[in-house]
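Put together the whole structure using the sequences plus the hints.
Which chain is which? The protein sequence lines are A and B, in order. Each residue of the first sequence is one higher than the one before, starting from 1 at the first, in our numbering. Each residue of the second sequence is one higher than the one before, starting from 1 at the first, in our numbering.
Among the clues, some could well be false.
Claimed, not checked - Below, a sample of chain A positions facing chain B; criterion: calculated Cβ distance under 7 Å:
1. E42
2. G43
3. L44
4. L46
5. K52
6. F104
7. G105
8. K106
9. G107
Said to hold, decoys possible - With a Cα cut of at most 27 Å, we get these calculated DSS-like pairs of lysine-lysine:
10. A/K106 - B/K83
11. B/K71 - B/K57
12. B/K9 - B/K71
13. A/K77 - A/K56
14. A/K106 - A/K56
15. B/K9 - B/K57
16. A/K77 - A/K106
17. A/K106 - B/K57
18. B/K9 - A/K106
Since the hints were derived computationally from the structure, they do not count as laboratory data. A virtual CB, placed ideally from N, CA and C, is assigned to each residue, including glycine.
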Amino acid sequence: GDSVTQMEGPVTLSEEAFLTINCTYTATGYPSLFWYVQYPGEGLQLLLKATKADDKGSNKGFEATYRKETTSFHLEKGSVQVSDSAVYFCALTDSGGSNYKLTFGKGTLLTVNP
Amino acid sequence: DGGITQSPKYLFRKEGQNVTLSCEQNLNHDAMYWYRQDPGQGLRLIYYSQIVNDFQKGDIAEGYSVSREKKESFPLTVTSAQKNPTAFYLCASKEGNYGYTFGSGTRLTVV
Numbered sequence: 001g002d003s004v005t006q007m008e009g010p011v012t013l014s015e016e017a018f019l020t021i022n023c024t025y026t027a028t029g030y031p032s033l034f035w036y037v038q039y040p041g042e043g044l045q046l047l048l049k050a051t052k053a054d055d056k057g058s059n060k061g062f063e064a065t066y067r068k069e070t071t072s073f074h075l076e077k078g079s080v081q082v083s084d085s086a087v088y089f090c091a092l093t094d095s096g097g098s099n100y101k102l103t104f105g106k107g108t109l110l111t112v113n114p
Numbered sequence: 001d002g003g004i005t006q007s008p009k010y011l012f013r014k015e016g017q018n019v020t021l022s023c024e025q026n027l028n029h030d031a032m033y034w035y036r037q038d039p040g041q042g043l044r045l046i047y048y049s050q051i052v053n054d055f056q057k058g059d060i061a062e063g064y065s066v067s068r069e070k071k072e073s074f075p076l077t078v079t080s081a082q083k084n085p086t087a088f089y090l091c092a093s094k095e096g097n098y099g100y101t102f103g104s105g106t107r108l109t110v111v
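Following this line, the structure appears as structure tokens:
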């Protein structure tokens with residue numbers, strides 16, 4: 001079945017540091033890939049997405065490129081801010097399999113210190 | 001503004017009680033979902049509904065029940081058969097190929 005594996009946290013960085021959160025996936029069809037962000041006590045917000053191989057999703061300085069050859073969708077940001085502190089989830093929907101739902105990774109807690 | 005409203009934000013349940021979590025959307029989305037979030041577990045699908053009067057079990061449906069009598073409403077009942085109900089519950093909706101929209105969640109605690 002479909003699965004998403006993302007790097008375990010917590011990740012602690014200083015402000016303006018470079019961020020990478022690794023995400024790899026297994027899917028039976030042609031997945032669309034997502035990064036969601038969850039701030040404390042809140043629901044999930046879509047951060048970015050990519051729907052086909054080599055697409056790059058970007059938003060608020062975050063980027064991720066859909067790499068079919070390595071089945072990866074790593075999240076990056078060049079200079080993090082304290083306000084980026086949150087839990088980040090990698091997720092997929094699979095057109096060839098469980099298209100009806102999002103399959104999530106376990107989440108990565110990011111803390112950015114001033 | 002369109003969105004998903006979950007209520008209550010915090011809910012306390014005694015052992016052996018059933019409780020119902022509310023989820024209402026004004027986005028006119030056909031599909032609605034309930035996920036459960038536990039620390040370090042990610043989100044797991046409980047139930048989903050792709051159309052009014054129809055719903056399907058997700059990966060962890062045991063101890064839960066739902067109804068979908070109206071397009072805008074998808075309440076989740078946590079029954080006494082759910083042995084470990086303490087968790088954060090998230091409702092979501094989706095229309096076609098657009099992204100999922102999530103509510104702000106309900107935190108359920110057994111006391």
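(request) Against chain B, run the beta carbon of A/L46 and see if the smallest gap drops under 7 Å. (result) holds (5 Å)
(request) Let me know if the C-beta of A/G43 comes in closer than 7 Å to any C-beta of chain B, holds or violated. (result) holds (4 Å)
(message) A/K106 and B/K83 were given as a pair; does the straight-line alpha-carbon distance stay at or below 27 Å?
(response) holds (22 Å)
(message) Quick check on A/K52 please, does its C-beta sit within 7 Å of some C-beta on chain B?
(response) violated (12 Å)
(message) Given a cut of 7 Å on the nearest C-beta pair, is the interface hint for A/K106 held or broken against chain B?
(response) Since chain B brings a Cβ to about 4 Å from A/K106, closer than 7 Å, the hint holds.
(message) Tell me if the interface restraint on A/E42 is satisfied: Cβ within less than 7 Å of some Cβ in chain B.
(response) Check passed: Cβ of A/E42 comes within 6 Å of chain B, closer than 7 Å.
(message) Need the status of pair B/K71, B/K57: alpha-carbon distance at most 27 Å?
(response) holds (18 Å)
(message) Does A/L44 hold up as a contact with chain B if the rule is Cβ-Cβ below 7 Å?
(response) Holds: closest Cβ of chain B sits about 4 Å from A/L44, inside 7 Å.
(message) Check the hint pairing B/K9 with B/K57 against an upper bound of 27 Å on the C-alpha distance.
(response) Judged against 27 Å, a Cα distance of about 24 Å means the pair holds.
(message) Checking one constraint from the list: CA of B/K9 to CA of A/K106, max 27 Å. Satisfied?
(response) Distance ~23 Å between B/K9 and A/K106 Cα, so the pair holds.
(request) Please work out if A/K77 and A/K56 have their alpha carbons no farther apart than 27 Å. (result) With a Cα-Cα distance of about 13 Å, the restraint between A/K77 and A/K56 holds, given a limit of 27 Å.
(message) Please verify whether A/K77 and A/K106 have alpha carbons no more than 27 Å apart.
(response) holds (20 Å)
Checked against the numbered hints given earlier, the structure breaks only hint 5 and satisfies all the rest.
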